[in-house]
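Chemist: Start from the sequences, fold in the hints, and give me the full structure.
Chains as they are written, first to last, in the working numbering: chain X, 1 to 86; chain A, 1001 to 1281.
Worth double-checking, as some hints may not be accurate.
[Claimed, not checked] Derived pair list, reagent style DMTMM-like, types lysine to aspartate or glutamate, alpha-carbon separation capped at 20 Å:
id, chain 1, residue 1, chain 2, residue 2
1, X, K21, A, D1203
2, A, K1111, X, D75
3, A, K1164, A, E1178
4, X, K21, A, E1235
5, A, K1164, A, E1235
6, A, K1225, A, E1044
[Claimed, not checked] Where chain X lies over chain A, by a calculated footprint (3+ residues, C-beta under 8 Å):
id, stretch
7, 1049 to 1056
8, 1131 to 1138
9, 1166 to 1174
10, 1197 to 1207
For the record, the hints were derived by calculation from the structure and aren't laboratory data. Note that CB positions come from ideal geometry on N, CA and C, so glycine has one too.
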Amino acid sequence: MLRSRRAEDVMAREFLEMRAKLLELAASLDRLDRGGGLPAHDVRVQRIRAALELLPEGRADRAERLQQIFSRPYDPNWRASFGLEP
Amino acid sequence: MYYFDPHIHMVSRTTDDYEALARMGCVAVSEPAFWAGFDRGSAESFRDYFRQLTSFEPQRAGQFGLQHFTWLCINAKEAENVDLSREVIRLIPEFLHQPNVLGIGEIGLNKNTRNEAIVFLEHLELAVRYDQPILIHTPHLEDKYQGTRMILDMLGSDRRLDRKRVLVDHVEEHTVREVLEQGYWAGMTLYPVSKCTPARAADIVEIYGPERLLVNSAGDWGPSKPTAVPDFILEMRRRGHAERLIRQIVYDNPLEFFRQSPGFRFTPPDMAEDQPAPAVA
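Modeler: Spelled out as structure tokens, the structure:
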């Protein structure tokens, strides 16, 4: 891992950008609600909720784990189901 | 800073974009064969496309002092048609001797289907038979993780492949580790919505280091920015990273990977001799 910038420096540069991104997300969620909302079983709603729950966690791999929330599962036996065994 | 764009679809871009790339310090582009935005109807359409990639585009790039390289294949979006794919794969060898051809690509998966996997494996056979490096497209969005793992399964089960001659492109936070740990090169694509941003690409460099990592714009006919690599350079500078580190990723690494291709002949800009200005088409 290369040298990382100090957290204070990162925040100084990115605070307004982070605030703006959160605001855009809040406004998008408001738009959904004003439009009548979506059922809780909608998989997109579930994924966004899971992503929001992940953000406050104090681990430095949020981006990777958020990507996994929005990914289809990998089946290691996919070749057998396709009839493409090596 | 001089740089390469190792993955950009210039046939979809205007001549003004070549000029913009040259102004930004780009010295060479590598253009993998790609989807045209619609499914082509016959192998002859691909023959014309390969002529465009091997004859016309190098001339167009040369007007601005850029060297143009290319990779040939039928892309994953059209690989659902296995019969057409086989016809296209059969005609590729007649173009492999062209002076700007680097290898087979961008092959890969799109929706991770059985037919796509069949055509991917047949492209691997072609690359092995003609001793060609390989450039690989990984799927987008929710299909990326699954598709990347499937691609790594297929690559890993072929012991004839030299992993140092394979570039797995469009990696993101959830796929880059596996690609690098298995010994392949990894490309990060700077794309407005569906792939990586310059800031996230810089994060990946900070986490994994610069070895076997490339950045590209994948500029094409969709919303994309052909000058995205300079955005990455600027982001790295703003973070205080050394010029030699940035140069390794945007210039030295592409050179090291491309040099493995029998067709790669590159004149570094600081070693080029005076040449008459190319005629403008």
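Chemist: Please flag the earlier hints that this structure goes against, numbers listed from lowest up.
Modeler: Hint check: 5, 6, 7 and 8 fail, others pass.
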